[in-house]
Each structure stands twice: as structure tokens, then as C-alpha cells.
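K.L.:
Chain residues, written in single-letter form:
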Amino acid sequence: MSKKLKAIIIGPGNIGTDLLMKIQRSEWVEPVWMVGIDPSSEGLKRAEAMGIKTCATGVDGVLEHIIKDDIRIAFDATSAYVHAENSRKLNELGVIMIDLTPAAIGPFCVPPVNLVEQTKNLAMNVNMVTCGGQATIPMVAAISRVQPVEYGEIVATVSSRSVGPGTRVNIDEFTRTTASGVEQVGGAKKGKAIIVINPAEPPLMMRDTVHCLTETAPDQAAITESIHAMVKEVQRYVPGYTLVNGPVFDGNRVSCFMQVEGLGDFLPKYAGNLDIMTAAALRTAEMFAEEAANQSITLPARG
Amino acid sequence: MNLQGKKVTLHDMSLRDGMHAKRHQISLEEMVSIATGLDQAGMPMIEVTHGDGLGGASVNYGFPAHSDEEYLKAVVPQMKQAKISALLLPGIGTVDHLNMAKDCGVTSIRVATHCTEADVSQQHITQAAKMGMDTVGFLMMAHMIRPEKILEQARLMISYGANCIYATDSAGYMLPDDVTARIGLLRNELPNNIEVGFHGHHNLGMGIANSLAAIEAGATRIDGSVAGLGAGAGNTPLEVFCAVLDRMDVTTGIDLFKIMDVAEDLVVPLMDHPVRVDRNSLTLGYAGVYSSFLLFAKRAEENYGISARDLLVELGRRGTVGGQEDMIEDLALTMAKEQGLI
Numbered sequence: 003m004s005k006k007l008k009a010i011i012i013g014p015g016n017i018g019t020d021l022l023m024k025i026q027r028s029e030w031v032e033p034v035w036m037v038g039i040d041p042s043s044e045g046l047k048r049a050e051a052m053g054i055k056t057c058a059t060g061v062d063g064v065l066e067h068i069i070k071d072d073i074r075i076a077f078d079a080t081s082a083y084v085h086a087e088n089s090r091k092l093n094e095l096g097v098i099m100i101d102l103t104p105a106a107i108g109p110f111c112v113p114p115v116n117l118v119e120q121t122k123n124l125a126m127n128v129n130m131v132t133c134g135g136q137a138t139i140p141m142v143a144a145i146s147r148v149q150p151v152e153y154g155e156i157v158a159t160v161s162s163r164s165v166g167p168g169t170r171v172n173i174d175e176f177t178r179t180t181a182s183g184v185e186q187v188g189g190a191k192k193g194k195a196i197i198v199i200n201p202a203e204p205p206l207m208m209r210d211t212v213h214c215l216t217e218t219a220p221d222q223a224a225i226t227e228s229i230h231a232m233v234k235e236v237q238r239y240v241p242g243y244t245l246v247n248g249p250v251f252d253g254n255r256v257s258c259f260m261q262v263e264g265l266g267d268f269l270p271k272y273a274g275n276l277d278i279m280t281a282a283a284l285r286t287a288e289m290f291a292e293e294a295a296n297q298s299i300t301l302p303a304r305g
Numbered sequence: 010m011n012l013q014g015k016k017v018t019l020h021d022m023s024l025r026d027g028m029h030a031k032r033h034q035i036s037l038e039e040m041v042s043i044a045t046g047l048d049q050a051g052m053p054m055i056e057v058t059h060g061d062g063l064g065g066a067s068v069n070y071g072f073p074a075h076s077d078e079e080y081l082k083a084v085v086p087q088m089k090q091a092k093i094s095a096l097l098l099p100g101i102g103t104v105d106h107l108n109m110a111k112d113c114g115v116t117s118i119r120v121a122t123h124c125t126e127a128d129v130s131q132q133h134i135t136q137a138a139k140m141g142m143d144t145v146g147f148l149m150m151a152h153m154i155r156p157e158k159i160l161e162q163a164r165l166m167i168s169y170g171a172n173c174i175y176a177t178d179s180a181g182y183m184l185p186d187d188v189t190a191r192i193g194l195l196r197n198e199l200p201n202n203i204e205v206g207f208h209g210h211h212n213l214g215m216g217i218a219n220s221l222a223a224i225e226a227g228a229t230r231i232d233g234s235v236a237g238l239g240a241g242a243g244n245t246p247l248e249v250f251c252a253v254l255d256r257m258d259v260t261t262g263i264d265l266f267k268i269m270d271v272a273e274d275l276v277v278p279l280m281d282h283p284v285r286v287d288r289n290s291l292t293l294g295y296a297g298v299y300s301s302f303l304l305f306a307k308r309a310e311e312n313y314g315i316s317a318r319d320l321l322v323e324l325g326r327r328g329t330v331g332g333q334e335d336m337i338e339d340l341a342l343t344m345a346k347e348q349g350l351i
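Taken in order, these protein sequences are the chains called A and B.
Numbering of the first sequence is given in this note's numbering, commencing with residue 3 and proceeding in unit increments.
Numbering of the second sequence is given in this note's numbering, commencing with residue 10 and proceeding in unit increments.
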């Protein structure tokens, strides 16, 4: 029996397509279905050309195939509005939902920080926070694991071309969800998130700044070491994640200046913000597969 | 130029844009005293917020002496006639901040986006309009794109519910012809019930000239600040502008001598540095850089030994936009490393 877990992707847009390309290289996850709602969509045609089954009638259309095809993982790259229903229907069939929307009905998952915990608990719905959250929360956590962080603030600057209509129409959701993630996963007592969209051409690479205020004078050597170690952890699934400058210490302020270059699968390299989401989502699914393969978790029973 | 008989609504920025020049450290007493002075002088609109708008309190932009809520609650009840407005930048502030401001008695909200990104303002403009507020779409760094593109973005904001559109010269880069082209197109193409406004910075010394050009092209709201207290070389100094408009027979409803006194007696004494065109603020205007970068660039110069002017020129070359204050320290670190200074 193959160790690979079979997966469906819901939402054949840019994110879904990029995710598909990444999953096709995975040793742990096998993409089986791409699910959309528009039979004429480019994304479904692309998925078909890439050799996977497509369904144009939404999640309802794929439900009958879930058990038959032994689908264990679903990636939802649609929108927060439809995510809850998608998740309910698939969870009922024992499918683990990895949520790339801002719906955040399940616990947040930032792979190098709390993925092990989420997989061991067999969380049936995990949320990938936001792109800004994936790029910055590891750094907040790297500082808060050394000493208490009173306040964590992140500034994500992204190219205009990489920000889709869903994010634009509800930009407050980005700031709120990211700030919650900085607190809940990053470990800051209070979190704040800021997003800046820049239309420069050629598009700029995603940049992220992390400012933390530690409760007491920062242990500079320990924090520096912790940050460098965390950067390496993120680089395991996003090789283009780099610490451009910092950590800078100024009183109790610790600041890091990050850049996120994507792999350039389907999304351009400058869209590191989108790449880090798809890479983190796949990393999460792989961890579930690894844990299931070495029997440290048991997937929902099937007849 | 003949503006005789025109009427304009002036909008004071000293207690919002001026917060940049004060590193957001204006005291409640100073806020109330300046706002009261302006109210008595007949200023119809006064903006009170963190320099970067509601929710701007942050490491990145600076923590203010008091919260937006504290400032608004102190100022609003003291006003006899002036309306208090608040600025909100989607991505920094949220609808929660907007609702708070409304509860504090703010009647005019200005939702500000970079000039190409109007579609991030939908939820805030919609909510403000729904609550019956005077709802302004504020297109920043408007020098960076063609007038036709500004018009397209303005139409988006109007479709969400804005009743007034600003072309904002955040970098103080525009020359009068640039203002005329933008304001003129907005005025000619937008419905008559939509007001058009202009917000200038004095970095090239063009605050007054640009504001006059805006009025001539059809703007009915003009921002400025008493004594020019604002980011960079400041905003259009309102006491000067009032005197000029008085000479040109434009109606503002403002008592010139009273506003002159507010400038001289209340605002100038609290300035931390002379707000004027100097080497660095001139560079903002020349290089087309967001005016509030000024003090951050000066601080980076002190910390890392890279000249503020070099930093600002490079930030302009990179097409940096409002809100990217973090990139100033980042760039200074990179340049200092390259030059072997750290």
C-alpha cells in the first residue's frame, strides 16, 4: 500500500494550480481531484492537462468519489464564505481539511511552530492563517521561545499583482486574522498586523518586517541564534525565505527584515506571499501523511 | 488667475498630518487648545487622528502620546461649529476603528489608499456611507499615475459610496499643471454631486500654488494645516492660504487674524523642528517620496551613518509607497553593510 495520502484541491485558481504543481512533486501526498464550479474555467482545464480528475460541480459533485478514491486530505483554496460548508461535508467523510481561506474555523497552523502539535491531535480542520502570518509568525515564535514577548507587530508588503480580489474586498480580515495568529501561534501577548500593497513594476518581492517588544531586555545572542535556526526551518519548504537584515536590537525592540521569494511554480517568483501559503499547506498535509505512515496517528476508519 | 466669488471648504490637518512632525506626541491639552482656536476662527473641518490614521499606533509608524479614542473624546465635545474628521488607511485601520470614531462623534471619514489600490477601501467606504457619514475617498501619491487612472480609481470609491474624492499629493511632488490635469479631469468626469478635493505638501514650495490650481480646476475642498504643521515640509500653510484667498475674493468663512494667531501663538511654539523646506524635505518632493518618511530617514541617518537624502532618493527610485516606513531602516542597514559601516 502506498504511503501517499490522496488529496483533492478545491478552487482551481492561481493558488490551487500552484498547489497542484507542488503536490505533484510530493513523496507524501497524491493529488487526485481538482474541484471547481465553472466547467469552462482555465484552472480546471489546466488541471486536466496535468493529468488529474476534475469536477466542475463544486464539492457536492465530488462527495460520491471520496470514499471510493480513498481521499484523505482536502485543500480549500476558495473563499471564507463557502469554506465552512466545504469543511463540514468533507470532515463528515473523514477527510482532513487544510484551509487556505481566511475562514479560520479550525486551529491556526504555521508549520515550523505548531504543525507537530496539530497533527498529533489529528485536527480535522487546520487553517493556514494568512500569507503575512506564514511569513512572520515563525520569527515572532523564534523570539518568544527565548523570552516573553509583550507585543508583536508585523508589516507585510506585497506586490499589487499578487493580491487577489478576495483579499482586497475584505482586507480587515487579513489584519485581524494575522494579528490573532501573531498572538496564538507566535506567542506575543498582543499582536498587530499591517499590510501594504505596492504597485511597482516590475513587481516587488514580498517583504515582511517583524517588530517585537520583549518584556525585559532581549537576550541578544540567544534570540539571534533562535531566529537563524527558525529561518532554516522555514527554508525547508520555502527555500527563498531569507533574513535580509537584523535582528536589530534597540532597547526592548527586536526587528527582523524578511524577504520571501517564491519557487515560481505557477505563481511568479515575486509572489512569495502566495507561494508560502501553498508550500505551508503542502508541508502540513505531508506531516499528516508522515505521522499516519509511522502510525503515530490513526486516520478516521473506513469500511 | 481669477477665482473671484468661488467658495471653498478648508480642512485643517495640523492635528493629524502634523502628528508626523511631532512623532505623534501632541498632548491632549495641545490638541484641544489648537482645535478650539481653529473652531473659533471658523475652520469648518479639522482632522484628528494618528498621523497614519485610525489604528496607526505601532512600532512601525510610532506610538502616539494618546490613543485615537482619547484624542477624539477630548476634542469633539469642545467644538462649537467645526466638524471633526478622521483618516483611515485600509491595511492599517479596520472597520472597528471606523465604528469607534463614529461613536466618538466623528462625522467625516477619509478612507485613504495608494492611488492604484482603491478596491481595498470597499468595506470601509461602504460602512461609513451606510452610517450616514461624510465619506471621502482619498487617493494618495496621486503624482505616480496618469489622471485617467486616478479617475478610474475614483469611480470605484464612488461605487462603494464615497461622496467626495481627493487627489492627494502625498509626496509634495506635483507642479500646478499636474494638479490641474488631475483635479480638472475628476471635476469634468465625475457626477456633480461628488465633491473633489486636493491635499498638498509643501516640499517643493508649491502648497499654495497647487491649491489655487486645484480650486481653479474645480476642487471645493482643500486641505492644509495651520502653520503648515504636517509631514515633510508640511502641508499648505492655512493662514497664508486664507490671506491669499481673501485677496482673491474666495470665500472661506475663516477669520484671517484669528487663524494667524492660532498659527503663531499655539502651533509654532510646539514644533520640535522648524517645519520648512530643507535639504531632506526638498528631497521628498524632488524624488516623489511619501512625506512622513522624513523623520524616519533622519533617524536612520543618525543610527547608521547613511545620509537621509541618499536614502530618500533610493526609496523614490524603488517606487516605495505610503506605509513602507519599515523599508527605511532596512535600506539603511543594507547600504551601511555595503559601505562597510556595520
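Hints are computed from structural coordinates only; laboratory data are not their basis.
One should not assume that every hint holds.
Partial list, computed: chain B residues near chain A (C-beta under 7 Å) [what the hints assert, rightly or not]:
id : residue
1  : Val-68
2  : Asn-108
3  : Val-253
4  : Gly-262
5  : Asp-264
6  : Ser-316
7  : Asp-319
8  : Val-322
9  : Gly-325
10 : Val-330
11 : Asp-339
Computed from a predicted structure; not experimentally measured.
Beta carbons: idealized from backbone N, C-alpha and C, even for Gly.
K.L.:
Quick check on the hint: B/Val-330 CB to chain A CB, less than 7 Å?
P.N.:
5 Å, holds
K.L.:
Tell me if B/Asp-339 is really an interface residue toward chain A, meaning its C-beta lies closer than 7 Å to one of theirs.
P.N.:
Given a least distance of 4 Å, the restraint on B/Asp-339 holds.
K.L.:
Quick check on B/Val-322 please, does its C-beta sit within 7 Å of some C-beta on chain A?
P.N.:
16 Å, violated
K.L.:
Let's test the interface hint: is any C-beta of chain A closer than 7 Å to that of B/Val-253?
P.N.:
35 Å, violated
K.L.:
Classify the hint on B/Ser-316 as holds or violated, based on whether any CB of chain A lies nearer than 7 Å to its CB.
P.N.:
18 Å, violated
K.L.:
Is the hint on B/Asn-108 kept, meaning its closest Cβ partner in chain A is under 7 Å away?
P.N.:
It is violated, given that the least Cβ distance between B/Asn-108 and chain A is near 11 Å, above 7 Å.
K.L.:
Can the hint on B/Gly-325 be confirmed by a CB-to-CB distance to chain A that is less than 7 Å?
P.N.:
Since chain A brings no Cβ nearer than about 11 Å to B/Gly-325, farther than 7 Å, the hint is violated.
K.L.:
Once the shortest beta carbon distance from B/Val-68 to chain A is found, is it less than 7 Å?
P.N.:
Holds: closest Cβ of chain A sits about 4 Å from B/Val-68, inside 7 Å.
K.L.:
If you take the shortest Cβ to Cβ gap from B/Asp-319 to chain A, is it below 7 Å?
P.N.:
17 Å, violated
K.L.:
Tell me if B/Gly-262 is really an interface residue toward chain A, meaning its C-beta lies closer than 7 Å to one of theirs.
P.N.:
37 Å, violated
K.L.:
Would you settle whether the hint for B/Asp-264 is holds or violated, based on the nearest Cβ-Cβ distance to chain A being less than 7 Å?
P.N.:
40 Å, violated
Consistency note: the structure conflicts with the earlier hints numbered 2, 3, 4, 5, 6, 7, 8 and 9.
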